[in-house]
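Peer 1: So the chains spell out like this:
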Amino acid sequence: MEEIERHQHDVLVIGAGGAGLRAAIEAKRVGAKVAVLCKSLLGKAHTVMAEGGAAAALATVAPEDSWEIHFRDTIRGGKGMSDWRMALALAQEAPARIRELEAWGALFDRTADGRILVRPFGGHTHARLAHVGDRTGLEMIRTLQDRVVALDIPAYMECTVIRLLKDGPRIAGALAYRRATGHFVLFRAKAIILATGGAGKAWLVTSNSWEYTGDGHALATQAGADLIGMEFMQFHPTGMVWPPSVHGTLVTEGVRGEGGVLRNSKGDRFMFRYIPEAWRAEYAATEEEADRWVAGHRSARRPPELLTRDVTARAIVQEVAEGRGSPHGGVYLDIATKRDPEYIRRKLPSMYHQFKELAGVDITKEPMEVGPTVHYIMGGVKVDPETQESTVPGLFAAGEVAGGLHGANRLGGNSLSDLLVFGRRAGSGAAAYATRAGAWASVNEHEIEEAVRAALAPFERGDGENPFAIHNELRHLMQHKVGSARARAGLEEAVEEIRTLRGRAACARVTGGREYNPGWHTWLDLHSLLTVSELVARAALERSESRGAHTRDDYPREDPELARLHIVVRRDADRITTRREPIPEPPPELKQILEGKKASG
Amino acid sequence: MAERVFRVFRGTRERGELVDYRVEASEGMVVLDALHSIQARQAPDLAVRWNCKAGKCGSCSAEVNGSPRLTCMTRVDDFPANEPITVTPMQAFPVIKDLVTDVSWNYEVARRIPPFRARSPDFPDGSWRIYPYEVERAQEFRKCIECFLCQDVCHVLRTHGKHAEFMGPAFLVRAAAYETHPLDVEERSSYLKDEGGIGYCNITKCCTEVCPESIQITDNAIIPLKERVVTRHYDPLLKLVRRIARH
Amino acid sequence: MQASATLLQERRLGETLRRDRWWAAPLSVALGLALFGGYATWAIFQGTNYFADPYLSPFYSPCLSSSCPGEVRLLGFDWWRFSPAVLIMWVILGFRGTCYYYRKAYYRAYFIDPPACAVGEHRGHRYQGETAFPLILQNSHRYFILPSLIILGFLWYDTLRAFLFSDGFGIGVGTLILLVNVVLLSGYAFGCHSLRHLAGGGVDCFSCARFGGARYRLWRGVSFLNRKHALWAWVSLIVVCLTDLYVRLVASGVVSDPRIL
Numbered sequence: 001m002e003e004i005e006r007h008q009h010d011v012l013v014i015g016a017g018g019a020g021l022r023a024a025i026e027a028k029r030v031g032a033k034v035a036v037l038c039k040s041l042l043g044k045a046h047t048v049m050a051e052g053g054a055a056a057a058l059a060t061v062a063p064e065d066s067w068e069i070h071f072r073d074t075i076r077g078g079k080g081m082s083d084w085r086m087a088l089a090l091a092q093e094a095p096a097r098i099r100e101l102e103a104w105g106a107l108f109d110r111t112a113d114g115r116i117l118v119r120p121f122g123g124h125t126h127a128r129l130a131h132v133g134d135r136t137g138l139e140m141i142r143t144l145q146d147r148v149v150a151l152d153i154p155a156y157m158e159c160t161v162i163r164l165l166k167d168g169p170r171i172a173g174a175l176a177y178r179r180a181t182g183h184f185v186l187f188r189a190k191a192i193i194l195a196t197g198g199a200g201k202a203w204l205v206t207s208n209s210w211e212y213t214g215d216g217h218a219l220a221t222q223a224g225a226d227l228i229g230m231e232f233m234q235f236h237p238t239g240m241v242w243p244p245s246v247h248g249t250l251v252t253e254g255v256r257g258e259g260g261v262l263r264n265s266k267g268d269r270f271m272f273r274y275i276p277e278a279w280r281a282e283y284a285a286t287e288e289e290a291d292r293w294v295a296g297h298r299s300a301r302r303p304p305e306l307l308t309r310d311v312t313a314r315a316i317v318q319e320v321a322e323g324r325g326s327p328h329g330g331v332y333l334d335i336a337t338k339r340d341p342e343y344i345r346r347k348l349p350s351m352y353h354q355f356k357e358l359a360g361v362d363i364t365k366e367p368m369e370v371g372p373t374v375h376y377i378m379g380g381v382k383v384d385p386e387t388q389e390s391t392v393p394g395l396f397a398a399g400e401v402a403g404g405l406h407g408a409n410r411l412g413g414n415s416l417s418d419l420l421v422f423g424r425r426a427g428s429g430a431a432a433y434a435t436r437a438g439a440w441a442s443v444n445e446h447e448i449e450e451a452v453r454a455a456l457a458p459f460e461r462g463d464g465e466n467p468f469a470i471h472n473e474l475r476h477l478m479q480h481k482v483g484s485a486r487a488r489a490g491l492e493e494a495v496e497e498i499r500t501l502r503g504r505a506a507c508a509r510v511t512g513g514r515e516y517n518p519g520w521h522t523w524l525d526l527h528s529l530l531t532v533s534e535l536v537a538r539a540a541l542e543r544s545e546s547r548g549a550h551t552r553d554d555y556p557r558e559d560p561e562l563a564r565l566h567i568v569v570r571r572d573a574d575r576i577t578t579r580r581e582p583i584p585e586p587p588p589e590l591k592q593i594l595e596g597k598k599a600s601g
Numbered sequence: 001m002a003e004r005v006f007r008v009f010r011g012t013r014e015r016g017e018l019v020d021y022r023v024e025a026s027e028g029m030v031v032l033d034a035l036h037s038i039q040a041r042q043a044p045d046l047a048v049r050w051n052c053k054a055g056k057c058g059s060c061s062a063e064v065n066g067s068p069r070l071t072c073m074t075r076v077d078d079f080p081a082n083e084p085i086t087v088t089p090m091q092a093f094p095v096i097k098d099l100v101t102d103v104s105w106n107y108e109v110a111r112r113i114p115p116f117r118a119r120s121p122d123f124p125d126g127s128w129r130i131y132p133y134e135v136e137r138a139q140e141f142r143k144c145i146e147c148f149l150c151q152d153v154c155h156v157l158r159t160h161g162k163h164a165e166f167m168g169p170a171f172l173v174r175a176a177a178y179e180t181h182p183l184d185v186e187e188r189s190s191y192l193k194d195e196g197g198i199g200y201c202n203i204t205k206c207c208t209e210v211c212p213e214s215i216q217i218t219d220n221a222i223i224p225l226k227e228r229v230v231t232r233h234y235d236p237l238l239k240l241v242r243r244i245a246r247h
Numbered sequence: 001m002q003a004s005a006t007l008l009q010e011r012r013l014g015e016t017l018r019r020d021r022w023w024a025a026p027l028s029v030a031l032g033l034a035l036f037g038g039y040a041t042w043a044i045f046q047g048t049n050y051f052a053d054p055y056l057s058p059f060y061s062p063c064l065s066s067s068c069p070g071e072v073r074l075l076g077f078d079w080w081r082f083s084p085a086v087l088i089m090w091v092i093l094g095f096r097g098t099c100y101y102y103r104k105a106y107y108r109a110y111f112i113d114p115p116a117c118a119v120g121e122h123r124g125h126r127y128q129g130e131t132a133f134p135l136i137l138q139n140s141h142r143y144f145i146l147p148s149l150i151i152l153g154f155l156w157y158d159t160l161r162a163f164l165f166s167d168g169f170g171i172g173v174g175t176l177i178l179l180v181n182v183v184l185l186s187g188y189a190f191g192c193h194s195l196r197h198l199a200g201g202g203v204d205c206f207s208c209a210r211f212g213g214a215r216y217r218l219w220r221g222v223s224f225l226n227r228k229h230a231l232w233a234w235v236s237l238i239v240v241c242l243t244d245l246y247v248r249l250v251a252s253g254v255v256s257d258p259r260i261l
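Protein sequence lines, in the order shown, are assigned to chains A, B and C.
If you read the first sequence in the working numbering, its first letter stands for residue 1, the second for the next number, and so on.
If you read the second sequence in the working numbering, its first letter stands for residue 1, the second for the next number, and so on.
If you read the third sequence in the working numbering, its first letter stands for residue 1, the second for the next number, and so on.
None of these hints come from the bench; they were simulated from the model.
All C-beta atoms, glycine included, are put in the ideal place defined by N, C-alpha and C.
Mixed in with the good hints, there may be bad ones.
Ranges between beta-carbon positions, derived for each pair [stated by the list, open to error]:
hint, chain 1, residue 1, chain 2, residue 2, range
1, C, ARG217, A, GLU342, 19 to 25 Å
2, C, GLY14, A, ARG461, 44 to 50 Å
3, A, GLN479, C, GLN9, 42 to 48 Å
4, C, CYS208, A, GLU342, 24 to 30 Å
5, B, GLU83, A, SER544, 55 to 61 Å
6, C, TRP42, B, GLU83, 42 to 48 Å
Given the sequences, and given the hints that come with them, work out the whole structure.
Peer 2: Given below as structure tokens:
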């Protein structure tokens with residue numbers, strides 16, 4: 001058997017985005033020996049692409065903002081599917097987490113009186129997103145990365161985990177390979193934090209990078225953990241649609257936050273027609289009122305472009321379906337007629353650059369063509385809200401890979417605060433667990449040998465399919481049958497076809513050597529992609545209603561029966577099983593906040 | 001659209017060659033798209049590093065027709081249709097395979113820079129007042145996406161191989177981000193002069209020319225740092241003043 | 001650290017995969033500097049035809065030796081035997097020679113270090129950049145600011161003087177040329193990188209520093225000019241030579257200065 005590099009850490013963090021780095025910083029602070037491992041280079045994780053901002057009730061622009069309103073906005077945006085304890089922690093802790101970043105060197109945009117400037121975003125009652133132009137994620141990840149470096153936390157870069165190892169019920173370690181050499185690495189750890197992000201690469205049109213193959217979801221499934229809310233995949237309403245090269249690339253919601261409007265091919269600001277009855281009181285009734293709100297008038301109500309993402313994405317799909325789309329199958333997002341060029345370039349520099357370079361569109365003069373793109377998975381590993389521990393002892397999850405916080409629809413800006421708040425909680429939870437755990441769990445050498453042999457198998461085959469081709473088929477399948485509109489027949493077919501693809505992947509072949517071989521990497525990623533695809537399809541089958549980001553053509557309405565139920569998926573032996581589980585009820589005082597207090601000022 | 005020829009470096013540190021691939025070009029195609037197309041259909045083991053494909057992460061750095069570029073932001077139709085497009089790895093770093101280079105040296109340099117250290121908070125709640133006009137200067141440097149194209153093109157590293165003596169433009173930008181941060185109180189000029197080797201920079205501005213974020217590396221980061229080093233270490237008059245002030 | 005794929009490495013001077021005309025820029029800089037630098041040197045050593053009342057060539061101001069015409073003579077050093085311009089040329093040479101822009105220009109065009117970006121250079125020498133003698137002396141740039149500003153003051157005085165003809169106030173073509181020249185030289189001098197540092201570049205926190213607000217505004221002003229420092233450097237260099245040439249032609253009687261007013 002080949003030589004395997006071995007390391008040992010109290011806490012191993014898989015993933016070096018915002019959640020992973022924040023978790024590592026906290027684990028180190030409380031005294032744990034912690035290391036971070038990531039598939040890419042440090043600082044390239046998906047957080048770097050976040051644009052709009054981090055939601056926190058700092059109340060620097062709207063003094064009437066408070067954690068209560070943020071809490072209510074989050075629960076309402078999640079269509080009641082959020083775990084109230086997580087939403088509460090987010091709303092209450094986010095401001096402190098943002099200020100802490102400032103102490104570590106982050107430089108947010110400022111108000112005139114020298115405090116952190118916040119901007120409006122979809123579904124948030126008040127201006128609430130701390131930001132740096134449209135590159136907030138870069139600022140966050142660099143600040144956290146610098147902090148990790150200053151604390152001398154080791155980072156294993158370009159290293160991918162293919163298997164979690166257990167000793168009885170508890171976590172014992174992880175088996176990984178180094179992308180550069182193709183050599184295997186064994187990490188023994190008392191606690192492991194999954195901070196692997198999402199799974200958008202299972203779909204065709206997505207804003208996600210190649211890393212988003214659902215590794216954490218698949219690893220947790222393999223380890224036997226429960227996952228919840230997997231049917232909720234967020235379609236961001238505004239991705240680029242043209243040219244084909246950038247189809248799906250994100251156009252920040254910040255464009256709408258700064259006053260951008262959506263129009264169809266007839267020039268109609270169609271979002272006014274899509275305001276749900278329950279929200280009507282909070283949104284502007286006329287274009288004139290919306291414009292006044294953008295200009296800063298407190299008496300006006302916010303424009304319907306700032307409805308939640310699920311509503312906006314569905315509206316765009318419907319406009320296009322009814323023949324009012326743009327030439328390339330999107331709608332128009334226009335900020336050129338709403339703000340002057342200087343302002344646009346200052347507040348949205350990377351959008352300006354992105355459209356100029358890649359689409360030949362000057363957004364200070366012309367509208368952008370946009371359409372929905374797979375963006376974020378609300379579902380994920382079921383965790384304890386205090387410690388972020390999963391149902392597997394010693395396995396923790398934070399950030400996008402964890403489920404529960406965002407319910408059926410995530411509000412823009414809540415993911416960046418999610419990373420900070422729950423990254424920190426996972427870090428302290430895992431460190432505390434590692435202290436409690438005592439002796440090291442043992443790893444099964446035979447299991448490791450098996451896993452290594454399986455990983456190398458495609459090199460041995462003389463013949464077989466190209467892994468890229470299988471991945472491509474999966475993306476088409478998920479886009480069309482498990483996409484923005486779903487139905488029983490399609491979902492059942494999808495489950496069946498995923499099984500077929502799994503069989504084909506098992507016979508695929510990899511050419512070339514083990515050193516930095518993308519064909520091989522893709523083949524290994526296929527395992528995660530197929531697993532996460534099946535989890536989503538099965539959960540989507542189980543939720544026979546339409547709610548938030550999950551739309552069933554055969555059940556177009558919300559079902560009150562399902563309103564307080566999670567769909568839980570997990571692996572039992574070699575099958576994925578689903579079950580329903582009640583969502584915990586908030587205590588009466590919080591219920592009052594959710595129902596009682598008047599909406600916006 | 002037409003078929004284009006891509007002449008791509010295939011190989012390792014020890015040996016390699018330029019291999020021609022024919023790719024069907026589509027509208028708006030960027031060089032990274034072409035490399036992906038080659039991977040998917042012709043050479044699944046073609047090594048390319050990439051992440052966001054939107055110019056935000058700085059992973060896909062390589063040299064296109066000899067110029068350091070982000071391949072995801074380099075349009076194929078920027079080059080004459082009848083000529084092959086050459087794609088080679090960054091030269092200032094050792095090749096791992098094909099277009100992927102070992103950039104770990106950069107992360108070692110980052111670990112050596114004296115980190116950010118904030119002055120004590122202005123208010124009991126741990127906050128500070130920082131005004132809009134004060135953040136612009138440092139924010140320019142904080143736009144850096146660590147693509148290392150400036151490191152690649154800098155002749156001090158690329159040609160003269162001074163990796164041991166010189167931190168390179170990317171980390172001078174990082175140092176400038178700390179140094180001009182309104183809250184930072186750390187003193188870095190000794191580090192910049194001695195370990196950072198700022199004197200090796202002869203301000204020939206290639207770093208500024210290749211920066212995909214249009215950071216004015218030379219004028220706004222390096223030269224102001226050089227001036228700080230002069231004030232601290234070279235200026236004999238100021239040295240005298242400081243000596244007198246001490247007594 | 002071993003650099004990358006040796007088979008791709010630019011080993012020889014001019015070796016590159018670039019296909020554009022990368023040599024055009026360094027070549028034109030080399031020719032331009034030779035032309036205007038050469039003219040300036042020639043003009044400075046002439047010691048004649050630099051004054052045509054009321055115009056004084058900018059290379060000769062302030063005119064410090066006893067050989068200077070009475071109208072513009074200052075101090076009148078009688079021990080000086082050469083062209084009076086030589087007495088002050090160290091200021092101009094020092095200021096422009098250590099200027100951050102000109103350093104780039106001549107390092108590329110004359111030192112060929114590098115000739116252009118991502119283009120091979122000769123590898124025989126041991127590269128020391130500006131860490132060792134003599135190039136470490138480039139750090140003296142800030143010492144040339146004050147003398148340069150003093151000379152600039154004289155040039156402004158000369159420009160005002162160029163409005164005063166023997167028959168009173170007037171404007172000639174030469175007046176306008178002197179005016180344009182001094183404006184361009186000011187734009188160049190006040191956009192200096194070292195001045196930018198002294199103005200406020202060395203301040204980290206403007207809102208906490210003493211006179212922070214004023215220093216911020218000063219820094220913004222210098223930064224504005226600094227953004228196009230290379231352009232100011234070139235245009236002011238060309239115009240100062242043309243100004244000298246004009247005065248020289250008038251003084252030697254080749255052309256006569258047309259009066260506008």
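Peer 1: Against this structure, judge whether each hint is valid.
Peer 2: Against the structure, the hints:
1. Evaluation of the 19 to 25 Å hint for ARG217 of chain C and GLU342 of chain A yields a pass: the beta carbon distance comes to about 20 Å.
2. The hint said 44 to 50 Å for the Cβ distance between GLY14 of chain C and ARG461 of chain A, and at roughly 49 Å that hint holds.
3. Between GLN479 of chain A and GLN9 of chain C, the C-beta spacing of about 45 Å keeps the proposed range 42 to 48 Å intact.
4. At roughly 29 Å, the beta carbons of CYS208 of chain C and GLU342 of chain A sit within the given window of 24 to 30 Å.
5. Checked against the hint of 55 to 61 Å, the pair GLU83 of chain B and SER544 of chain A passes, with Cβ atoms roughly 58 Å apart.
6. Here the CB-CB span from TRP42 of chain C to GLU83 of chain B is close to 46 Å, well matched to the stated 42 to 48 Å.
Consistency note: the structure conflicts with none of the earlier hints.
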